[in-house]
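Colleague: Go by the hints and put chain B onto chain A.
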Amino acid sequence: MTLLETRNLTVDIADVHICRALNLSVGRGERWALLGRNGVGKTTLLHAMAGLNRPVGGEVLVQDRPLARWGRRRLAQQLGLLPQDNQDPFPATVLETALMGRHPHVSPWRWEDEDDQRIALDALAELDLREMTHRDVGTLSGGERRRVAVATLLTQNPRVMLLDEPSNHLDVHHQIDVLERLDRHAADGAMILATHDVNLALRFCTHALLLFGDGESCHGPVETMLEREVLATLYRHPMQEARTEDGRRIFVPA
Amino acid sequence: MPIRAAITLGALTVAAVISLLAAAKSGSVDVSWADTWMALTANRADTAATVIWELRLPRAAAAFITGGLLALAGALMQVLLRNPLADPYVLGISGGASVGALTAMVLGLGAAVVSGGALAGALLSMVLVFGLAHGRGGWTPARLLLTGIVVASGWSAVISFLLALGPEHELRGMLFWLMGDLGHAGWPPWRGLVLVTGLAASFALARPLNLLARGELQARVLGVAVTPLRYALFGLASLLTAAAVTLAGSVGFVGLVVPHMLRLAIGSDHRLLLPGAVLLGGTLLNFADILARTLLAPQQLPVGVFSAVIGVPLFLFLLNRGPRGRE
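Chains as they are written, first to last, in this note's numbering: chain A, 1200 to 1453; chain B, 190 to 516.
For the record, the hints were derived by calculation from the structure and aren't laboratory data. Bear in mind the structure is a predicted one, so any value in this text is a computation, not a measurement. There's no promise every hint is true.
Computed Cβ-Cβ distance ranges for the label pairs, DEER-style [said to hold, decoys possible]: (1) V339(B) - R1317(A): 41 to 51 Å; (2) L382(B) - R1272(A): 30 to 40 Å; (3) T202(B) - R1317(A): 28 to 38 Å; (4) D1376(A) - A195(B): 54 to 64 Å.
The following residues of chain B were derived to be distant from chain A, with all beta-carbon distances above 12 Å [to be verified]: (5) E243; (6) L360; (7) G362.
Note that beta-carbon positions come from the ideal geometry of N, C-alpha and C, so glycine has one too.
Next comes chain B alone, as it looks inside the complex:
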């Protein structure tokens, strides 16, 4: 492993831990660093410990996992479609999930049904795109991308329809859901499991991914079975996206930009890029969520707004500094 990449991954791990500590400390109830530390390490039952363990840490975990899932899905999707502009939502997964979730909201059903509706919508969209793209002519990245974009446009029409139809008191919740909001995310244990298994599975595919990124022809002549790899990528990226979307709605930006940030910083080797994306995506979204719930506290803002507020300048800085190796 190149030293530079090891240092970057180490720094990202440290940043991830700091983001979790900061999330435990910040919020509308003022808790000092000392009390935060005590609450985290000692087994106490005062207000600070309750707030941290029952409110802040679950939310921080949800933010971190969502960011990690999206960044990982984005990195995989960009290779699958061989398109640097691809993000986890480009194939319509989030559109399908949004339709499912908003339908549940329009009908006035509870949070569990909203989450279930989102999952059902995401899976429906996944099957739809897979089936439609897999016509007689085979499965080229261009065809898959076009199918996904068209299906996503279809979903967004349905979303507009549902918004027009939605009862007044549900509209705010629906908009927040569309912008990406962690306000209703509970403990996210199974998504954590999805993230860990997703990372392990994609890490196992990392070297073939490096070759696929250079084109199908190059990958096949160097010994990669491209078709099964593509199916695996599609399935993995879709499931990761579905898990993220059902947790926090359509949080934008993380999935598109985090993989590029890492390519600029440590290069395109997916054995480093994929774990790095999980760490950076999680950290970024965690800081974004801290801003979302403290800036106008006690009012909570949708996290999707702040992921871009942090990400855009960071990305422009890296882009401006130039990619490595271009000296």
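The shape of chain A in the complex, shown without the other chains:
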């Protein structure tokens, strides 16, 4: 089943072409990496897929239905986005922040009940945040705040997860830990993650979508897409390939 599809999708931002007539089909259980240089439009493309901005041409379909025909609330039950950063101008606790994820599931006239609380607490526990549920988010470190954002997304529990640099601010342990949890969650759904970490993409993703700038893009299974020359062109920087002790391929900049 196709969970997310783009048909002839063309996205621009301020005279920069991000993709031209992109046809992409993301099926159940697929993990996509979205790679490209700074400013090539990864975030804007993710936002277009989430229906947050209007594409120049083409359309995005979620479960075979065009975005325009989804209500915002119903869509939020199926599709979630982890924003690149979070802002908290007003004080709020970690638990309150995670509970926001229940918003699309709780009908407008109801309060979150014990089930909602439990879902949020489980998500926080998964991300090692059980001890700080009553801390103010303003007192957290960058990495802890990032994990709260991931916990909010897990509380929302969408089938399709669009992740904008999920490993930002995380130490190596939590990078792997968070990605493993997201990966497990995506088994029944799908995820698309924008990242600069090629090795993380190699480790967790099944497919890759590369944005070269000026509307050029290519996509396919991760083994065929992530090659030394392709990456060198993508990043305009020579790359070296190596093997780890347990035999995995890794790339490092030369």
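Modeller: Using the frame of chain A, we list chain B on its own:
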């Protein structure tokens, strides 16, 4: 509902009732607690009952409603602009109202015209800011805030002009109006209605408000239709402010600080914050008004002076104690 928040709301309700009783008792005519109670409960027609029913309670109601309106408008405005420093006046509503009211005073027109002029000025300012901020580029909080601040500065220039122009015998009244004064507020029934409907409407928006406070992006991906919500917020906050300003002039401080006091005490959940703001704003302004009319009695001072006198130390105490959850 968290227990702590329920207790806080309960305590605020009790405080509100106490403030109304205190307002009924205090004043230049000495009335004992027993007589106050008798006048309130029994149907009597002596001096105490007349003073309480005809003078003090209407004024207490006006103070309470003004405080409630301003605190609620302030809470909404802070979310709309995503700026903790926003208050009900930041978008120029009170500036427009002041120009309308002062113009009526300069022309020597009666209290009803002053109030009507204030309402007309507030609505004019609201339409002006809405139209100007809603340019081709859409409606970002930053653009709205800048437009509002510029329009407000424009109004304050006109206010200075009107003050320079005003006849000597009107100046005192004009200054009192600008500082916020309940001396001329009559029974305020329609503002009470505005307060109740405003609270009900904003309560219905409370959960989406919680999300909008975290940013437009976060709110939209979690299923909030942000644009209509922003329009609703702008309309609500402006009308609440207009209702308050036409009742008592530009009473400062309540709208800025009451929402923050509650955030420090019970957190940022607007389902608790909004009713709490109405109760606390009303109570605070009521006590301020008791001080304003008793401290130098029989002389009456503008209530705007005392809302800050009570609010500043209270706010600093809460700030110093630290927000909850920062243990």
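Colleague: If a hint holds in the structure, say so; if it doesn't, say that too.
Modeller: Consistency of the hints with the structure:
Checked against the given bound of 41 to 51 Å, the beta carbons of V339(B) and R1317(A), roughly 49 Å apart, stay inside it. The hint said 30 to 40 Å for the Cβ distance between L382(B) and R1272(A), and at roughly 31 Å that hint holds. The hinted range of 28 to 38 Å is satisfied by T202(B) and R1317(A), whose Cβ atoms lie roughly 31 Å apart. Between D1376(A) and A195(B) the CB atoms are about 37 Å apart, so this pair departs from the stated range of 54 to 64 Å.
No beta-carbon of chain A comes within 12 Å of the beta-carbon of E243(B); the shortest separation is about 42 Å. The claim that L360(B) lies off the interface holds: its Cβ sits roughly 40 Å from the closest Cβ of chain A, which is beyond the 12 Å cut-off. Remark: the non-interface label on G362(B) is consistent with the geometry, its nearest Cβ contact in chain A lying 39 Å away (cut-off 12 Å).
Violated hint for the displayed structure: number 4, the only one.
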